[in-house]
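**Q** Protein sequence lines, in the order shown, are assigned to chains A and B. Going by numbering that gives the first Met the number 0, the first sequence opens with residue 0, and the numbers climb by one from there. Going by numbering that gives the first Met the number 0, the second sequence opens with residue 0, and the numbers climb by one from there.
No lab work stands behind these hints: they were computed from the structure. Source: prediction; values computed, not measured. Be aware that a few hints might be false.
Listed below are the simulated SDA-like cross-link pairs for lysine to any residue, each with C-alpha atoms no more than 25 angstroms apart in a straight line [to be verified]:
#, chain 1, residue 1, chain 2, residue 2
1, A, Lys-45, A, Gln-110
2, A, Lys-282, A, Asp-223
3, B, Lys-95, B, Asp-170
4, B, Lys-155, A, Ala-193
5, A, Lys-118, B, Trp-92
6, B, Lys-155, A, Ser-165
7, A, Lys-100, B, Asp-156
8, A, Lys-118, B, Lys-169
9, A, Lys-199, A, Val-274
10, A, Lys-45, A, Thr-81
11, A, Lys-282, A, Val-41
12, B, Lys-155, A, Pro-116
13, B, Lys-155, A, Asp-78
14, A, Lys-46, A, Gly-29
15, B, Lys-25, B, Met-231
16, B, Lys-25, B, Gln-223
17, B, Lys-155, A, Thr-119
18, B, Lys-155, A, Glu-42
19, B, Lys-155, A, Tyr-34
20, A, Lys-132, A, Gln-158
21, A, Lys-118, B, Lys-155
22, A, Lys-118, A, Lys-132
23, A, Lys-132, B, Lys-169
24, B, Lys-95, B, Lys-169
25, A, Lys-131, B, Glu-167
26, A, Lys-118, B, Trp-255
27, A, Lys-270, A, Asn-257
28, A, Lys-100, A, Asp-78
29, A, Lys-100, A, Lys-131
30, B, Lys-155, A, Val-41
31, A, Lys-131, B, Trp-92
32, A, Lys-199, A, Ser-263
33, A, Lys-100, A, Ile-33
34, B, Lys-173, A, Val-130
35, B, Lys-155, A, Asp-97
36, A, Lys-132, B, Pro-168
37, A, Lys-46, A, Leu-95
38, A, Lys-100, B, Trp-92
39, A, Lys-100, A, Asp-82
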Amino acid sequence: MQNGSPESPPSTPGVQLSADSTMGHLEVRGVGKIYDPEGARVEALKKCSLDIPAGDFIAIVGPSGCGKSTLLNILAGFDNLTDGDVLMDGEPLATLDDPPKPGSDRVVVFQNGALFPWKTVLQNVVYGLVVKKQMPESEANDMGMDLLARTGGLDRIAQVFPGQLSSGMQRRVEILRALINNPRILLLDEPFRAMDTVSKTNMHQHLLDIYDTYHKTVFFITHDLDEAIFLADTVVVMTTRPGTIKLRLNIDLPRPRNRHTITSQQFMELKQHAVSAVHEEAKKAFERGERELA
Amino acid sequence: MNEGKKLLNMWAGYLLTVTAWYVCVKWLPIPSFQRLPDPVTVVVEWFNPDPDYGLSLFTRDYYLHIWYSTYRATTSFLLAVVLGVPLGILMGWRAKANEYASALLGILRPIPPLAWVPVAILIFPGNEPAVIFVTFLVAFFATTMNTLLGVRSIDKDFFRAAQCLGAEPKDILKDIIIPGALPSIFTGLQIAMGAAWFSLVAGEMIAAQYGLGFMILESYNLVQYPTIVIMMITLGIVGYLSSALIRVAGNRMMRWRAQAIGIGAA
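Make a model of the complete structure from these sequences and hints.
**A** What follows is the structure in structure tokens.
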């Protein structure tokens, strides 16, 4: 494994990636989402409430179709809600009257990856800075190179197109593309889903390195309980549709975490606690799936 | 398979075809085939400084015909690109534009180019613009449809990712829609170029005084059969070259699609 941990907080001129955890406090208050209210009325979310402190790493676990992606889409501004509201740092982010809009304070890393294949790694990483004309392009490029270099020497692939990279490498670049905008929240939508176990383990370490350095609020969706417990401060188990919060579990495993964490007694106890809740919901979802097919 | 062997097979393919042609014309007892020129006659005429029927590599008129056809095909093609690519992008980008245009295109597109010839001759002063118009139409439909298809095939997550990163609609057009549709656009351009030659020849046969298509029909009327074959082969070569040119241009504009492997595996 690469020793890719960024050693020092950013200090280059022009780089203003803050490592403080005062921003990114999310309050999800009684959020509901009904698709097609006039017709089929699919209730994806029902009275979802969550308080996510600034700088917290929260992992949402639940069976497929439980509405966890819907919640992420609402936070990202891709989808409106039909009940409740969301506050970010005390300001309304999404309300009934005011549908949310996407913005670079909440950047998404996508399940199947969404690096622009026609842009090089560097062009991808600095895209947010350049498109918002936040700084001259040369300055953005310097900042991008700096961030790449500090993340396990990724500056060596700066001029490569994403299609030439492994999916793990692509995902690391995509996380940096989000991070460079200094977002308040990183929204990760099952980013490691399609990966083999070894790549996944590597990616966990890379993500934790970034988290330990920058302390952004991370909203991480997964269906893998081990992954959730290993990475997060808080694991939230969602029920099957309509999605509500079934269980909120505080993960007090010490940081920095490494591969020994996953075999520790404490890890096992936490998993024990969560596994029955997850299993119950998975079973419900499965049975309903069978009913729907029948 | 190595390059040398590929080349060998290619020439073997040519040789086989030419042999079959020779055998059909010279040896098989089929009367109607015997009116056709055999390969040797064609080649001799083609390379003859003083050709029996007036056209060979050494005559000025031969190049004049090529020039006229190339000029018409290129003009039609460029018009199709200039009008078809923006229309296709607009249709893919704005739902309203699509509603206006798609039903109309759906009906106009299946009309064969030849069916347009009378209308074109009526509309335009003189034959030249009429032939170009008919040629343009086919190329235009192919370009528009493939551009639209290209825009539609762009992964929705790219749009969302760009929005997340702060892109405005004009940025999305420039950074997502155009580069994302480019592979399909170039496929469309290659089809358009092929289709342009296709309908150009048909148009020239009906309404022109110069050009490869005109000369093919003219040679038939004048019973100059070797010239027909010379013109057909010339058409094939020119058509192939024009497609190859588009392919090269496309590869240059889409370096990111060159599938290099082996760098930076995590």
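**Q** Now, for every hint given, state plainly whether the structure supports it.
**A** Against the structure, the hints come out as follows:
1. For the hint pairing Lys-45/A with Gln-110/A, the CA-to-CA distance comes to about 24 angstroms; that is within 25 angstroms, so the pair holds.
2. The hinted pair formed by Lys-282/A and Asp-223/A meets the criterion: a straight-line CA distance of about 15 angstroms does not exceed 25 angstroms.
3. For the hint pairing Lys-95/B with Asp-170/B, the CA-to-CA distance comes to about 20 angstroms; that is within 25 angstroms, so the pair holds.
4. With a C-alpha separation of about 19 angstroms, the suggested pair Lys-155/B and Ala-193/A falls inside the 25 angstroms cut-off, and the hint holds.
5. Under the criterion of a C-alpha separation no larger than 25 angstroms, the hint pairing Lys-118/A with Trp-92/B is consistent with the structure, at around 21 angstroms.
6. With a C-alpha separation of about 22 angstroms, the suggested pair Lys-155/B and Ser-165/A falls inside the 25 angstroms cut-off, and the hint holds.
7. With a CA separation close to 15 angstroms, the supplied pair Lys-100/A and Asp-156/B stays within the 25 angstroms bound.
8. The suggested pairing of Lys-118/A with Lys-169/B holds, with an alpha-carbon distance near 17 angstroms, which does not exceed 25 angstroms.
9. For the suggested pair Lys-199/A and Val-274/A, the alpha carbons sit about 21 angstroms apart, so the restraint of at most 25 angstroms is met.
10. Annotation: proposed proximity of Lys-45/A to Thr-81/A holds, straight-line Cα distance about 10 angstroms (limit 25 angstroms).
11. Between the alpha carbons of Lys-282/A and Val-41/A the distance comes to roughly 20 angstroms, so the proposed pair stays at or under 25 angstroms and holds.
12. For the suggested pair Lys-155/B and Pro-116/A, the alpha carbons sit about 14 angstroms apart, so the restraint of at most 25 angstroms is met.
13. As the CA atoms of Lys-155/B and Asp-78/A are separated by approximately 14 angstroms, the hinted pair is consistent with the 25 angstroms bound.
14. About 4 angstroms separates the Cα atoms of Lys-46/A and Gly-29/A, which keeps this hinted pair within 25 angstroms; it holds.
15. The hinted pair formed by Lys-25/B and Met-231/B meets the criterion: a straight-line CA distance of about 20 angstroms does not exceed 25 angstroms.
16. Pair hint Lys-25/B plus Gln-223/B holds up; C-alpha atoms about 18 angstroms apart against a cutoff of 25 angstroms.
17. The hinted pair formed by Lys-155/B and Thr-119/A meets the criterion: a straight-line CA distance of about 20 angstroms does not exceed 25 angstroms.
18. Note on Lys-155/B and Glu-42/A: the hinted pairing holds, with a Cα-Cα distance of about 23 angstroms set against a maximum of 25 angstroms.
19. A threshold of 25 angstroms between alpha carbons decides the hint, and for Lys-155/B with Tyr-34/A the separation of about 19 angstroms falls inside it, so the pair holds.
20. Taking the CA atoms of Lys-132/A and Gln-158/A, the gap is near 21 angstroms; set against the 25 angstroms cutoff, the hint holds.
21. For the hint pairing Lys-118/A with Lys-155/B, the CA-to-CA distance comes to about 17 angstroms; that is within 25 angstroms, so the pair holds.
22. In summary, the hint linking Lys-118/A to Lys-132/A is supported, as the alpha carbons are separated by about 18 angstroms, within the 25 angstroms threshold.
23. With a CA separation close to 14 angstroms, the supplied pair Lys-132/A and Lys-169/B stays within the 25 angstroms bound.
24. The straight-line distance between the Cα atoms of Lys-95/B and Lys-169/B is roughly 17 angstroms, inside the 25 angstroms bound, and the hint therefore holds.
25. The hinted pair formed by Lys-131/A and Glu-167/B meets the criterion: a straight-line CA distance of about 9 angstroms does not exceed 25 angstroms.
26. Straight-line distance between C-alpha atoms of Lys-118/A and Trp-255/B comes to about 7 angstroms, which keeps the hinted pair within the 25 angstroms bound.
27. At roughly 17 angstroms between alpha-carbon atoms, Lys-270/A and Asn-257/A fall within 25 angstroms of each other, so this suggested pair holds.
28. Distance restraint check for Lys-100/A and Asp-78/A: the Cα-Cα separation of roughly 8 angstroms lies within the 25 angstroms cut-off, and the hinted pair is therefore satisfied.
29. A distance of roughly 15 angstroms separates the Cα atoms of Lys-100/A and Lys-131/A; the hinted pair therefore holds under the 25 angstroms criterion.
30. Taking the CA atoms of Lys-155/B and Val-41/A, the gap is near 22 angstroms; set against the 25 angstroms cutoff, the hint holds.
31. A distance of roughly 21 angstroms separates the Cα atoms of Lys-131/A and Trp-92/B; the hinted pair therefore holds under the 25 angstroms criterion.
32. Taking the CA atoms of Lys-199/A and Ser-263/A, the gap is about 19 angstroms. The hint holds against a cut of 25 angstroms.
33. For the proposed pair Lys-100/A and Ile-33/A, the alpha carbon gap of about 19 angstroms is at most 25 angstroms, so the pair holds.
34. Distance restraint check for Lys-173/B and Val-130/A: the Cα-Cα separation of roughly 11 angstroms lies within the 25 angstroms cut-off, and the hinted pair is therefore satisfied.
35. For the hint pairing Lys-155/B with Asp-97/A, the CA-to-CA distance comes to about 23 angstroms; that is within 25 angstroms, so the pair holds.
36. Taking the CA atoms of Lys-132/A and Pro-168/B, the gap is about 15 angstroms. The hint holds against a cut of 25 angstroms.
37. Between Lys-46/A and Leu-95/A the alpha-carbon distance is near 14 angstroms, which keeps this suggested pair within the 25 angstroms criterion.
38. Distance restraint check for Lys-100/A and Trp-92/B: the Cα-Cα separation of roughly 19 angstroms lies within the 25 angstroms cut-off, and the hinted pair is therefore satisfied.
39. Proposed proximity of Lys-100/A and Asp-82/A is supported: the alpha carbons are some 17 angstroms apart, at most 25 angstroms.
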